[in-house]
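Participant: What follows is the residue order along each chain.
There are 2 protein chains.
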Amino acid sequence: MEITRKNFKESLTTVYEAIEEADFLAIDGEFSGISDGPPVCTLTNGLDTPEERYQKLRKHSMDFLLFQFGLCTFKHHHAEAKYIMKSFNFYVFPKPFNRTSPDIKFVCQSSSIDFLASQGFDFNKVFRDGVPYLNREEERQLREQYEEKLSQANGAGTPSFISPNTAKGPVVVPEEHKVFIDKVVPTSTHQKPTISKTKSWREKYRNLTSFNNRIVESIPIKDRYIVISRADEEERKRREQQKQAKEQVRSQERVSAALWEELNDAVGFSRIIHAISKSAKLVVGHNMLLDIMHTIHQFYCPLPEVSNSSAQVSICIYTRILDTKLMASTQPFKEIINNTSLADLEKRLKESPFHPPVVESAEGFPRYDTAAEQLHEAGYDAYITGLCFISMANYLGSFLTPPKLRVSSRSKIVEPFFNKLFLMRVMDIPYVNLQGPDLQPKRENVLHVSFPKEWKTSDLYQLFSAFGNILVSWIDDTSAFVTLTQPDQVKIAVNTSRYAESYRIQTYAEYVEKKQNSTHAKRKWVEDGWKEVETKRLKTQYTTYASQESFNNAVHRSV
Amino acid sequence: MEITRKNFKESLTTVYEAIEEADFLAIDGEFSGISDGPPVCTLTNGLDTPEERYQKLRKHSMDFLLFQFGLCTFKHHHAEAKYIMKSFNFYVFPKPFNRTSPDIKFVCQSSSIDFLASQGFDFNKVFRDGVPYLNREEERQLREQYEEKLSQANGAGTPSFISPNTAKGPVVVPEEHKVFIDKVVPTSTHQKPTISKTKSWREKYRNLTSFNNRIVESIPIKDRYIVISRADEEERKRREQQKQAKEQVRSQERVSAALWEELNDAVGFSRIIHAISKSAKLVVGHNMLLDIMHTIHQFYCPLPEVSNSSAQVSICIYTRILDTKLMASTQPFKEIINNTSLADLEKRLKESPFHPPVVESAEGFPRYDTAAEQLHEAGYDAYITGLCFISMANYLGSFLTPPKLRVSSRSKIVEPFFNKLFLMRVMDIPYVNLQGPDLQPKRENVLHVSFPKEWKTSDLYQLFSAFGNILVSWIDDTSAFVTLTQPDQVKIAVNTSRYAESYRIQTYAEYVEKKQNSTHAKRKWVEDGWKEVETKRLKTQYTTYASQESFNNAVHRSV
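Chains as they are written, first to last, in our numbering: chain A, 79 to 637; chain B, 79 to 637.
Worth double-checking, as some hints may not be accurate.
Copies of one chain are not kept apart here, so a pair can be met inside one copy or by any two copies together.
Claimed, not checked - Think about it this way: if two alpha-carbon atoms lie no more than 20 Å apart in a straight line, the pair counts; the simulated EDC-like pairs of lysine to aspartate or glutamate are:
| no. | residue 1 | residue 2 |
| --- | --- | --- |
| 1 | K134 | D181 |
| 2 | K203 | D343 |
| 3 | K84 | D192 |
| 4 | K160 | E522 |
| 5 | K84 | D200 |
| 6 | K203 | D192 |
| 7 | K520 | E129 |
| 8 | K137 | D114 |
No lab work stands behind these hints: they were computed from the structure.
Extracted from the complex, chain A is given alone in its bound form:
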C-alpha cells in the first residue's frame, strides 16, 4: 500500500492495526545517497572497528535523506499454516510545516539518484506528496509554541493538552489524545444543528416569549420538550455567564483539538516509527546499520557521538532487531549460502534445504510477485527481507529435537541473532553488537604503517615485496594497515623497519594500545585525507572497477 501525505491520516488506523496484530515487522529504507565524502570503498575500510565505521557513517552519510520507508508486517495464520502480510510503502519528505519550522537541507548523490531513477523510482511522489516528520526535539519545540499560543488565547491558565510523553523515553503515539479528539470534534460539529433549531424556534416565538420576562412554556420538538422558564434579570445573567463559560471551554477545547491535530500532522511519519517502537515487535531488516542510523537521525535525535550510545538508542526505538544479512553470514547458514545480497538470498532460500514459506497478502493489500522482482522499492525489499527471515528461522527448526517445521519469531532459537547488525566488508568483526561490547579481533598479521604523504599503494607493495601477497587498507594519506599472509612475518617486518627513516611499522596491537592511551588527546581525523587517499588508490590499477561495483551495490544495501 502506497502512503503519501494524501492518504496518510486515513491510513493510520490500518497501519497501527497491522503493527499491533503482527508477529514481526520487516523494514527497509531508500536514501538520496550514501557518502558525501569518500567513495564507499574508502568509507568502509576492511579493518574498521565498529566504532570507526560508526564515526565515518555518522560523518559522511547522515546528510542524505531517507525518503522512502518500507514496512511489511507478518502475522501467522495457524489454522492455515501460512503468513498474512501487509506491506506499506511510505514516501517521506521534510516539507516545512510552517514559517518557523526547520528548513531542512539534504544532500543527493547523483549516482544513487540515477540508480533509483533507472528503477522507476517516483521522485515526484517524494517531493510533492511525501509525508512530513519531526524528530523529538522539533516536536517538543512545536508543542511549546502551541502551548504558548493556547495560553495566550485562554488568558492565563494551563493549556489542557500537555502530552504525558514529553519528557521521558521515546515519544509514543498519544492514544489518550486521539480519544480526546474523537470525543471533542464530533460533539462540536453535532451541536450546530441543535443551535440553529433553537434559533429558528426562538424567532418563531419571539413575540410570545420574551427573555426579559418569566414566561413558562413547553414546546414539543420531536418527542422531547424544551422547557422555557421565565427568568428574572439576575438569573438570566447567571445563565448567560454559565453559557459563556461553557462556550469558552468548548471553544478552548476546539482550539486545543485543532492545534493538537496540527501538531500530529507535523509529527507525521514519525508517528509510524513511534508505533513500531511502542509495539516492541521484532524488527527485521537486511544490512540495516544505515537504516537504523537514519531512523534515529531523522525521526528521533541527532546521532550520539559514540556508537555505544547510539546502540542504546537503537534498542530504545526498536527493542529487538534482526539483520538477515548477518543471519545469512552466520552459522549454520554461512556454509550453505554463498551470496548474501538480498536478491540472491531470496533466490537461494527457495531451494533445498530451505522451504519457501507460504505468505499471502492480506485482503486489500497489493500482491508482490517475487518472480517480477520489484527490488529497490522499499516496501518490496521489506517484504523480501521478511520472507528470508521466515525461511531461515524455519530452517533452524530442523536442529531441534523433535525437529519443527515452523519457528516463531519469538522462539529462543532465533534470539542469538537479535540486536547484532551486519558490518559490511569487515572480515574479522562480523557485526556491530547493540547489547554489550563489540568483538575485539587480535589481527595478529596486521601491521600499521606510517609514511610520507607522497606514498602510493605501489610504494607499499614494493616495501613488502619480500612477504608475498599483502592487503592494503588505507586509513588516511600518511598511514595504512597492511595485512600479511602469515602472522610470523609480522615480527620480521617490524624488526627490519627499526632503522628506517621515512616510514614506521608497528603491530596492530601496538597501534591500538597507543590509540587507547591517547583517548583523552584530541582525536586526529585528517578531514580531507580521503581525497588524497582516493587519488592514490585509483592510481593503482587493481581496484577501480571492482570498487565502483561494490559501491553500486552498497548504494542499495543489498550486498
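Given chain A, put chain B in place with the hints provided.
Facilitator: Relative to the frame of chain A, chain B by itself:
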C-alpha cells in the same frame, strides 16, 4: 520546447540555429535551493559590499543544483514589426557518465523543493531524463582519458582528435569535429555493403580467379568495372598490407568518431552554454547574479576566489549581460515602476507609458500565454524576462530625437545597462559591476559596533535608544552595522562610547580603513556565526515573518 536527455541530440541543430539567428537571448535558472547556511535574510545583509555578497553566495549557494535552464531567443521580424521567439526549457542533471566520472553531490533545500513542487515542477524529468554536463576541467580530463585509450588502441601515434579549444578561452562547440563525424560515420557504414558485394563476387569467381595467379579480368558491377589483376606473391602482400593499413586507419577513425561522440554526449548541456558564449549575443536575465554564478560553477569552473575574477569569467562566457531587475530599478524606470518582481514588472509594462511588444512563437514552438502565468518554469520566466527587456528598451526610444518606437538590443541607448547585475537588498550599491570597479558608498550614517556575543538586537536598540529609529544589520555574532537616521548623530554616538568597556563603536569609514589595512592578515570569517546571529535575530519580534516572506521571494528570485 522541453528538452531532456531523450531529445537533446536531435534538438541541438534547432537550438544552435535559434541562437545564431537571434537578436538577443533571455535566460533563467531554477535551483534546488538558495542557502545551505544562514536564512536568505541574513545571507543578504543590506550593507554588504558586492565582494562580501559574492563571498557569501559562493560559500552558501553553490552546493545547490541548477536543474532547469530556460533559454528564450528573440528575433525581430522587420517587415511585420514583431518579434519571433523560440523558447527552450532544459532539464539538467549530472548523471554519472561512466565509472570514473565524478559522482556529484548536491544539496536540496526543502522549502525550495516544496515551492517548486507546489508549482507542478516535474522532478522525475530532472532526475530520470536530465541532460548531463561537464565543466571545462572535467571535459579536459575525459578527453585525456580518451586520447590515452585511442593511443593505446592505435599503438603509438598521436590521436587524431585533439580539440584546438582545449587550452585557450572558453570551450566552444567543436564544429570542425562535428563535420568530421558527419563525414566519417556515414562513410564507414556505407562501406559495408560494398565489401560484402566484393566478398560474394569473390566467392562466385573463386574457381576462376586465383589470387596466387596473375589473372586479368573485369567484372561489371552496376555501371562501374572492378578490374582484377593477376598479381604475383609480392604484389599481393603489398596490397594486403595497404589494405590492412587502410582498414586500420578507417577503424581508428571509427573508434575516434565514436569516442568523440561519447565525449560530446558527456559535455551535454554545457554545449548550449558554449554556443551562447560563442554567439556573443546579448544575454538578458532577471535578478541574475545567482544564475550567472551557478552557470560558471556548474558548466565552466569552480568560482574564482574574488568577485573581480568571477566578473571577468562572466563576461568571458556571456560577453554582454543585461539584468532587467536592475534596469527597472534605474532611471528613467525607477520612478514609474514600483515593484520589480518579474511577475509585477511584466504586468506594469503592459500599461502606459509602456507598450506591450508584439511577440509570437516561432512555428513548432509552444505558445506561452502571459495571462495563464506559468511562472517558475525556467523557459517561461526567460520568455517574460525577454518581453520586459523589449518593452523597457522601446520606452528608451521615446527619449531619442526623433523618438523611435523600437529600440534594438544593439542600440547605444541600451548600453549603459550592460554588464551590471542587480544586488538584492543593498540600498546604496544598486549593482555588481562586471566591467570596472564597484561603487563605493560613503555610508556616513553607518556605525560599526562590536560587542559581547551575548548581545541581541534588543541590546542594540537599547544602546541607541537616544537616536530614534535605527537599522541593525548583523555581520556576525559579535558585530553589526547600525544605520542612524542622521549622519550628524554619528559623531555623537562615537564620542559617547569612547569609555565604554563592553562594546566599541566606530564609523563605517574607520571600519573599512582598518579592514583594508588587514587585507594581508587572515580574513576572519566567523564560520558558524550566522547560526548564533539567526537565533538572536529571531528573538526580536520584528523580523520573523517578514524575513520568511522575503526568503520565499528570494528563493524564486523574482523579488
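Participant: Work down the list of hints and note, for each, if the structure agrees.
Facilitator: Here is what the structure says about each hint:
no., hint, result
1, K134 x D181, "between (25 Å within a copy, 19 Å between copies)"
2, K203 x D343, "within (18 Å within a copy, 29 Å between copies)"
3, K84 x D192, "between (26 Å within a copy, 15 Å between copies)"
4, K160 x E522, "neither (49 Å within a copy, 83 Å between copies)"
5, K84 x D200, "both (15 Å within a copy, 18 Å between copies)"
6, K203 x D192, "both (16 Å within a copy, 12 Å between copies)"
7, K520 x E129, "within (16 Å within a copy, 56 Å between copies)"
8, K137 x D114, "both (9 Å within a copy, 17 Å between copies)"
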